[in-house]
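A.B. asks: Please construct the entire structure, taking both the sequences and the accompanying hints into account.
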Amino acid sequence: MQDNSLSPPTLTIQRKGCNCLKSQCMKDYCECYKAGVGCYVGCRCEGCKNFYGTKDGMFESNC
Numbered sequence: 169m170q171d172n173s174l175s176p177p178t179l180t181i182q183r184k185g186c187n188c189l190k191s192q193c194m195k196d197y198c199e200c201y202k203a204g205v206g207c208y209v210g211c212r213c214e215g216c217k218n219f220y221g222t223k224d225g226m227f228e229s230n231c
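The sequence shown runs contiguously to residue 231 in our numbering.
Please note: incorrect hints may appear among the correct ones.
[Claimed, not checked] Calculated lysine to aspartate or glutamate pairs in the DMTMM-like style (CA-CA distance at most 20 angstroms, straight line):
{"id": "1", "residue 1": "Lys202", "residue 2": "Glu214"}
{"id": "2", "residue 1": "Lys195", "residue 2": "Glu214"}
{"id": "3", "residue 1": "Lys184", "residue 2": "Asp196"}
Simulated from the structure, these hints should not be mistaken for laboratory data.
Treat the numbers as computed from the prediction; the structure is a model and nothing was measured.
C.D. replies: And the structure:
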C-alpha cells in the first residue's frame, strides 16, 4: 500500500510586480516578461508594452 497523503506541496509564486522604467517591460530583466506573464495593476512600470492579455486598456494608465 502506498500512502498518498504525503504528496509534495504545490509551488506558489508570490508576484510583487515589476518596476521597469525605460525597457517598456520587454527585456529579460523584467520579472513579468521573464516569467512569460503580462504586467498587472500591482506593477509600478512606466510605458509598459507587456500585456499578454492580462492587463486590459483600463489598467494602461497604471503602467
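A.B. asks: Indicate, hint by hint, whether the structure satisfies it.
C.D. replies: The hints, checked one at a time:
Distance check on the hinted pair: Lys202 and Glu214 sit about 17 angstroms apart at the alpha-carbon level, within 20 angstroms; holds. Annotation: proposed proximity of Lys195 to Glu214 holds, straight-line Cα distance about 14 angstroms (limit 20 angstroms). This hinted pair checks out: Lys184 and Asp196 have alpha carbons roughly 16 angstroms apart, not beyond 20 angstroms.
Hint check: no violations occur; every hint is consistent with the structure.
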